Amino acid sequence: MLRNRLIDTFGRIKPILCGAQSLRSLANVGSSTTKLTTIEVDDKSGIATLSMNLAPVNTLTMELMHDLIESINQIESNKSRGLILTSSNDKVFSAGLDLKELLEPDRERLKEFWTLFQDLWLALHLCGLPTAAAVNGHAPAAGCVLATACEYRVMLPDLFIGIHATRFSFVISKWMMLSYQSVLPRRIVERSLNQGKLFRTEEALEVGLVDEVADSKTEALAKCAAFIGTFDRANPVARTLTKRMCREPDVRGLLNDRSGDLQECVDYVLTPLFQQGLCAHLEGLKKGK
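If you read the sequence shown in my numbering, its first letter stands for residue 1, the second for the next number, and so on.
In silico DSS-like cross-links for lysine-lysine, where the CA-CA straight-line distance does not exceed 27 Å:
(1) Lys35 to Lys79
(2) Lys35 to Lys91
(3) Lys287 to Lys100
(4) Lys79 to Lys44
(5) Lys79 to Lys223
(6) Lys197 to Lys287
(7) Lys100 to Lys286
(8) Lys100 to Lys197
(9) Lys287 to Lys91
(10) Lys111 to Lys100
(11) Lys217 to Lys79
(12) Lys35 to Lys100
(13) Lys286 to Lys91
(14) Lys197 to Lys174
(15) Lys217 to Lys91
(16) Lys91 to Lys223
(17) Lys217 to Lys44
(18) Lys111 to Lys174
(19) Lys111 to Lys35
(20) Lys217 to Lys35
(21) Lys91 to Lys197
(22) Lys174 to Lys100
(23) Lys217 to Lys197
(24) Lys44 to Lys223
(25) Lys286 to Lys197
Listed next, with one range per pair, are the computed distances between beta-carbon atoms:
(26) Ser45 to Arg252: 28 to 36 Å
(27) Asn194 to Asn235: 40 to 48 Å
(28) Ser88 to Lys174: 31 to 39 Å
(29) Arg187 to Asp106: 35 to 43 Å
Derived from the structure by calculation, the hints contain no laboratory data.
Just so we're clear, the structure is a prediction, and the values are computed from it rather than from any experiment.
For every residue, glycine included, the Cβ atom is placed at its ideal position computed from N, Cα and C.
Please build the complete structure, drawing on both the sequences and the hints.
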C-alpha cells in the first residue's frame with residue numbers, strides 16, 4: 001500500500017537529511033541560533049519560526065543550506081506544532097542560489113552544492129509539520145522554490161516572487177517544475193517559466209502563488225500561525241502521512257534518480273551556453289540592470 005511505502009521511503013531518507021551531526025533538542029529553550037539561522041519557539045502556540053540571517057540577501061550558500069537543513073530537522077525532531085520560514089532581512093526573503101558556485105565551478109564541488117540543494121528541498125517539502133512561509137522580502141529563483149515548498153505563503157506588498165531561471169540561461173530540474181506546478185496551474189507555470197517571470201505581490205495572490213497578503217511582517221507571522229492552527233484537530237501522524245502521500249508525485253522522480261538529476265545539472269552548468277549566459281547575467285547585475 002502507498003501508506004506503507006511512504007513510511008518506509010521517508011523513514012529511510014530522514015537520516016540522510018539529518019546529516020552526521022546529532023540534533024540539538026529545543027524542548028527546554030525558547031530559541032536556538034546558528035551563525036546563519038535563528039529558531040524561535042512560541043511558548044504558547046508551540047510554533048517554531050525559522051529565520052534566515054545571511055546578509056545581505058540570504059543567498060543560498062552551502063553554509064546557509066546546511067544550517068537550514070539542520071534547523072528544519074531540529075524543529076521537526078522537537079515535535080513543534082508547526083514551522084514558519086521567514087527572513088531577518090525585510091527587503092529580501094532569499095535571493096536564491098549562490099550563483100558564484102555555478103560560475104566556472106569545480107565539478108566535485110558543484111556536485112556537493114547541488115546535492116545539498118536537493119537535500120534542503122526534500123527536508124522542507126517533506127517536513128512532517130505544517131509549514132508556512134512569511135515572505136517579507138523579494139523571493140526570486142530558489143527563494144521562490146523555498147516558499148513553494150511550504151504549504152502556505154503570506155507575502156508583504158510591493159515585492160516580487162517567481163522562478164526566473166531562463167533569464168540567466170538556467171534550465172530547472174523537473175522536480176522544481178513539479179513543485180511549482182503543484183501550486184500554480186500548468187498553463188501559468190509553463191508560460192511563466194519560459195518567460196522568466198517574476199510576479200508582483202498582488203499578481204501572485206491573484207494566480208494563487210501566495211495565499212494571503214499582509215501589511216507587516218508581524219501580521220504575516222500571525223497569519224501563518226493562524227493557518228498552522230487549522231490543523232489542531234488533526235492527528236499529527238495521520239496528517240503527516242496524508243501530506244506526504246499528497247506530495248509523493250512531486251518527489252518520486254528525484255528520490256528514484258537523484259544521481260541522474262545531479263549528473264544532468266552538472267553537465268548543463270558546465271556547458272558554454274550556460275556559462276556565457278550566467279556571465280552576461282552577472283555583468284548585468286553589476287551594472288544595475
